[in-house]
Amino acid sequence: MSLITLDPTNPAPGDDAPFRMAPRPASLKGQTLGIVANGLGRSEVMFDALAEQLTKWDDLAGSVKVVKPSVAVPPWPEQWDEITSQATVAVTGFGGCGSCSTRSMRDALDLEAAGIPAVCIVHEALVPAVEALCRLLGADGYPFVVCGYPLNPTGTWDSDECAALATQVLDGVRQRLTA
Amino acid sequence: MTFTSPEVRSDGWLEAVETYIENGWTDGLPVIPPTPEAVQAMLDAAGVDGSEVLGDIPTRSLSVTAEKVAINSVMAGCLPEYAPVVIAAVRALLQPLGNAHSTTATLAGAAHAVVVNGPIRNVLGIECGQACLGPGFRANATIGRAVRLVIRNVFRTVPGVLDRASFSWPLRYSFCFGENEEHSDWTPMHVHEGYAPDDDVVTVMSVMRYLAATEFEPEAETVLATIADTARIQGLMIDSFVGDARGMMVILGPEHQRRLIDEGWTKESARQSLWERMTQPTAGKHDVKVELASPENVLICCAGGPGIAQSQLIMPHLAAPTHERILVP
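One line per chain: the protein sequences are A and B, in this order. Sequential numbering from 1 applies to the first sequence in this note's numbering. Sequential numbering from 180 applies to the second sequence in this note's numbering.
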């Protein structure tokens, strides 16, 4: 006997506004780096070191940083305004926990939609989560920067590890923010 | 009877059950196949249209409709008359301070407690007394399970994908109970939140840690001290997003409640005392301040059965307890 039942899952969001990456500058020279930090562990120290190195090696004009009110929420509206009014390129993260990694990826996608080239820095342990979010939002294949063990995902790093991670992700961030 | 959800065709009941398991649409246990007729009965009982949006998860660009909640409620084994409770619980979870994205994707594997107040507890048979936190009660088991299936199927929180829980835990199968309002003349939890005693209200609370506070001594002060000390084992840190709305819950067992009542304590004086004890400055690695803005952020829910002198504590994830009135047409 044939039985008809109903699919319990939510459909993926509509693709009426297909995802597009923001146009990239040729280099980071003269750009203002926006940092949308989620405050996970000591990742803010890593972001500061990253901005310092990009300023030194790539001639950034400057940087502007916001630390969100919780690890897995959007920036406050005034933080969003601060970033989008000043930054010309941006990094988000740190994607080291379940909900914060996907939210940071969403921050990067929102920045792209606002015309600001962005990249999310994600720990290897959370790659399946951010890839799933990208698929869900029609941004399958959106590139991000991955770091990994022996650094732990949750950002409880010492100062040397923060500096080392900034150096490790430097090339990847540069590549993904430029044409 | 019109639905937007795609139809699934199976060769009978058993094949449908297996299909839902194979498609990853269950918690690993068999479900009731959601026929259109059963889903419509659920919507009718809640008095809502299937297209009604109960809330959103902006990070995932997802909207949650009553139709999807009704489908998952049938699958969980709910009777139609439970639908208003499930609908209200999902609305509560989707309030902004419920922080649904964070609490359902976290490494920590937060669960969600669904707590029911008001006369509907007795109408539906929602257990509030002996063994109310465990299996054996259809309303508790299926309402809690329906919320979990909604989290899995509608919020798209699949383990190992968007659900990043390192361990997860059994509370994620189902966690629903009621407050034992009839056990004493203490003020019911929902009345403290501004509702009338005859209102039916659901409270949804994220569960980051679930702790048993056991104290056999007869003095009320000792009981309160033990409950506070248990909460302070790991404490609770400030979260700017949730801010002053953050709360924890004490599921106060009847043996502890009796000790307090015998010495003239009320729910209000008990939570004042607990708040003062919990918010003392941090004194060590396992004696950590519980950051709560006021005594009102200590929710006391009287439940459980006689016997062991114990209470249970729910420490939240990055969310506030959220409340929603249960509307029965």
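None of these hints come from the bench; they were simulated from the model. The C-beta atom is built at its ideal place from N, Cα and C for all residues, glycine as well. Misleading hints may appear alongside valid ones.
Stated by the list, open to error - Among chain B residues calculated to face chain A with C-beta under 8 Å, some are:
(1) Thr181
(2) Phe182
(3) Ser184
(4) Glu186
(5) Ser189
(6) Trp192
(7) Pro212
(8) Pro215
(9) Gln219
(10) Met254
(11) Ala344
(12) Ser347
(13) Ser448
(14) Gln451
Now the hints, each set against the structure:
Hint on B:Thr181 is violated. Least Cβ distance to chain A is approximately 12 Å, over the 8 Å limit. About 6 Å separates the beta-carbon of B:Phe182 from the nearest beta-carbon of chain A, less than 8 Å, and the hint is met. For B:Ser184, the interface hint holds, the least distance from its beta-carbon to any beta-carbon of chain A being 4 Å, beneath 8 Å. Taking 8 Å as the C-beta cut-off, the interface hint given for B:Glu186 holds, the closest approach to chain A being about 5 Å.
The beta carbon of B:Ser189 comes within 5 Å of a beta carbon in chain A, closer than 8 Å, and the hint placing it at the interface holds. Annotation: interface hint on B:Trp192 holds; nearest CB of chain A at approximately 6 Å, less than 8 Å. Look at B:Pro212: its Cβ gets to within about 5 Å of chain A, closer than 8 Å, so that hint holds up. Because the smallest distance between the Cβ of B:Pro215 and any Cβ of chain A comes to about 6 Å, under 8 Å, the interface hint for this residue holds.
Hint status for B:Gln219: violated, given a least beta-carbon distance of 10 Å to chain A, over 8 Å. The beta carbon of B:Met254 comes within 6 Å of a beta carbon in chain A, closer than 8 Å, and the hint placing it at the interface holds. Given the 8 Å rule on beta carbons, the hint for B:Ala344 holds: about 7 Å separates it from the nearest Cβ of chain A. Residue-level restraint check for B:Ser347 is violated (minimum Cβ-Cβ distance to chain A is 11 Å; threshold 8 Å).
Look at B:Ser448: its Cβ only gets to about 33 Å from chain A, farther than 8 Å, so that hint breaks. Interface restraint check: B:Gln451 against chain A, minimum CB-CB distance 28 Å, threshold 8 Å, status violated.
Taken one by one, the earlier hints fail for this structure at numbers 1, 9, 12, 13 and 14, listed in ascending order.
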